[in-house]
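Could you build all of it, start to finish, from the sequences and the hints given here?
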Amino acid sequence: MATKVYMEALSPTMEEGRLVTWMKHEGDQVNEGDVLAEVETDKATMELVARGSGVLRKQLLAEGDTANVGTVIGVVAAPDEDVSSIVGDVVAQEASTTAEAPKAKEVARAEESGAGIGKAGAAVAAGGQTEMDQVERAHEHDAVRYEPAENGRVKASPLARRLAEEKGLDLNRVQGSGPGGRVIKRDIEAAREAPVAAPAAAAAPAAAYEEVPLTQMRKTIAKRLTQSIGPIPTFYLTVEVDMSQAVALRQKINERFAKEGIKVSPNDLVIKAVAAALRKHAWVNAAWTGESIRLYNEVHIGVAVAVEEGLITPVVRNADKKGITEIAQEVKELAGRAREKKLKPEEYTGSTFSISNLGMFGITEFTAVINPPEAAILAVGTVEEKVVVEGGEMVVRPRMRLTMSCDHRVIDGATGAQFLQTLKQNLEDPMMIIA
Amino acid sequence: MAVITYRDALNQALAEEMERDPDVFLMGEEVGVYNGAYKVSKGLLDRFGEERVVDTPITELGFAGLGVGAAMTGLRPVIEFMTWNFAYLATDQIFNAAAKMRYMSAGQFKIPVTFRGPSGAALQLAAQHSQALEAMYSHFPGLKVVTPGTPADAKGLLKAAIRDDDPVCFFEGEMLYNLKGEVPDDDDFVIPLGVAEVKRPGADVSIITHGKMINVALQAAAKLEKDGVDAEVLDLRTLRPLDVEAIVATVAKTNRAVLLEEGWPYGGITTTVATLIQELAFDHLDAPVLRVTQADVPMPYAKGLEKLAKPSAELVVEKVNRVLYR
Amino acid sequence: MANTRTKKGATAEHVERRDHPSPATPAQDPNWEREHKPEMSPEEHLQGLSPERLRDIMHDMLLGRRFEEKAAEAYALGKIGGFCHLYIGQEAVAIGAIHALQQGDYVMTAYREHVHALQMGIEPGAVMAELYGKETGCSHGNGGSMHMFSAEKNYLGGHGIVGGQIPLALGVAWKIKYRKEDRVMQVYLGEAAVNQGAFHESLNMAALWKLPLVVIVENNRFGMGTAWERASSLYDISQKANAYAMPSAVADGMDVLDVYRVTRQAVDRARAGEGPTLIEARTYRFVGHSMSDPVSGVYRTKEEVEEEKLNDPIRIYANTLADTNVLSQQQLEAMDEEVKKVAEQAAEFAESSPDPAPEQLYQNVYVDEDVQGQLYLDGRR
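Residue numbers (our numbering), protein chains in the order written: chain A, 1 to 435; chain B, 1001 to 1326; chain C, 2001 to 2381.
Just so you know, the hints here were simulated from the structure itself, not pulled from any lab data.
Mixed in with the good hints, there may be bad ones.
What the hints assert, rightly or not - In silico lysine to any residue, SDA-like type, Cα no more than 20 Å apart, as pairs:
(1) 2177/C x 1045/B
(2) 2177/C x 1022/B
(3) 2180/C x 1022/B
Bear in mind that the values here come from a model prediction, so they are computed numbers and not experimental data.
Structural data, given as structure tokens:
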């Protein structure tokens, strides 16, 4: 049975994708799971994976061209299968100027015929395959998202729902073998038996948090300040930090781990120090939701990375629980892939606080723009030798200026200042963060 | 344990209960001299005399009400309808008097009357004589409704019905009278009302039914077995009180149910059972509950059409396959 | 007074009568007494009943009247709900007929039943409390105006479906015969119920099996708003018994002693094993069909009702008792005061009684609640 290749939504926000490269040519044998093409999303370049096996009979989108999510961009089918109707449909679809999303049409058609086993845009060929195959497929390919029906509801029998809940299985990730793709008991059982792949959600799960209802005072502050300054009433706090000990520590670490090729940057120390400080200042590790203030229970630090076309913020998850070298390695790896546009969506979403460092460009001090809904961002300047007075004497010390942009709806001046105080202590006496 | 017919099992139950309790009498059309239109009361007139085995005029409303009035003041009448098709004429007495008397009087009277007779379609009797009406009777609080499907159940349940202090509507299968089966000889072989029975245990799907349809269900289960499907057949036996626990238990076991009844689908027994499953066993369901009923038309006369109208093992198999996603 | 009534079948005379749709009551028909009531002196009319018994009958008549007047008042105040069919004007029928019964006999009637219930010995307070829907009512509030019962008093109920009680009464009569008991079953119905199949089916079997059944048709001339002559091809109800080879009689339903006389004969026959009797008691209701029906208007004129009220059974009986020196006007007034007090106390009792407890909702639907399986599928219990 022929399988349509769709432009899939490869990021949570992707509406269209640019086909960078076809990895398979027309006439190539394709096995399910093979990479068919590389697609550039709004965030990264992603791999588009085959949903069925056969021969790539037709490419319907040229390299470099862009297509809306849900558009049929190719056909995988048996070598001798007649695919003219699919191709014809697509041509007709292109010819018509209707604004209706083709995805909806395709889904409707798949459901009418009863042939579609998979759901929505990610229809999966069932022909000749056992249900076990299908279930396993669902787990092998993390990127495969069995999207719920049009109304966002997964069709599942009541029993399957109960079993899934008991087993902690996400019904969205179990392919249904019942009519219209209904998930039934046997699907859950098969899913349980199948090796559980790393739980790679399409989008990073939100960090655990505590929801604090807005007091009247907070509401008023939020309203007034927003009227005064814009959607995010931001204010800025700057502190200068003596980096003597931090620099010494960094040097020591780098010497110690030189053999392993580990190199810690000043920014890595800042990440660690910030993470530790956030643990003590919940109101800075927070977000404005409109209805409440969200105090995160986990610390995920977004680290702004400059890339060719702009900026992306990979996330160091649970940075407070990671060692400095671990953070250093992770940042290096993430930044590298960010520059190659190879980050997965879950790697650049879900941060609770962000850091932007322009020190490498010699910038001594700047203000960064908050990444909503986070409540704050820290702008890190360069470390420079400065003359300071210590105990009445003039000495030269490595100094660094940190400027935090704060969302005043969440953070008040004193709250921010106290956080920076802690952060300053953490950096000036790094034993605080490694002990 | 003797192998006897459904008819003889009923006859035994009547005789034993009349022997046991002088307040029990049998009344109806042709029950005496004629020995019963279906010979269920054969020999009872000779044995118990015309005061206790009473031929009536054709006057269903009148003698049904007589039964209620006599029960109200202490007797234990068994009122036979030649078939339940004729009991429409008596329904004011059954629905308005028998079912409500105890409640209206706040418990001052009990109505230990048993209304019984053959029910359902036989062969080519056409629309007015081929009706399975137990759902209509089950609608009324105050009535109990019993539908035996085997000779043993016929005996044990009729004895329970006669001994019961509430009005019981007892639906015999017109096509079952010659059905043979093992029946205990015991005078006190009484099957309590409200207890369903698994007539065939199975693991894959539950066929829930009652009365004559038990046999259709068992036929379907035998066919399914050849296909490797292990069907459980639950015989409700009593429709009111209804063994809801047994319904939930079988659905919890197999996660799938096909409901079968001889009567029509609108407001049928299957409607009620499906609702209960949905209310009480929702999380056990792995498939929608499907039903097999009589075609939703009056029963036609022509042989071929009649066959089409009746529920069949083939229809049950088809529905079972659907709930099994086969 | 129009002399238009007939007691014959569908004759030319009968058709003629139908052209004058206001048939006479006994009092309007100078021939009536001659044909139905034997010539009797006032003393003979007392039928040898003791003065105490005669006074009891008057007491019962007055109590029935005052009780229902009280009920009408309570209904107007919204203390009684639903249908409420009053018996005012018809008291002589139930009271005369029930006085012809013995201890152990049974009575069953339709829905115009408060006086029958009282006459069978149910406490006025329990009858009134039932009207109020209270826990102390004779049906504990489950029945109301139309469904009063007392197993203890052999009062087998008020029944709400026209004619529905007749087969039930047949069954009770069957039981009496089956058990060879010395009892009689007396069943009441309105004239409109005569057209129901249940009436004919029951009369047939009662006569066929010679059951101890006394069937009393209270002909108040209107089935709700339909005059009897507009509903029956044969005016004379007593003649319907002929179809079942059953004896029948007509009683003056406004004369309690005449009702007693006729019923007594029927009861004696039944008790003697001679089978059932059909009695037509010709009477008149002074009130509407129910509390929601005006006394007059659409189907009868105010004048007609006022004229009939001249034959008030209580006044007729009071005159008889005065003429025979059984009860003086003074005694009558004292008796009236007494029953007024009883009616008043009944209302007070009803008023102060508790409502039925919520648990009662599911009680007594079945005798045997202790069954396996579920009796109630409403998911509330």
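| query | Which numbered conditions among the earlier hints are violated in the structure presented, ordered from lowest to highest? | reply | Structure breaks no hint.
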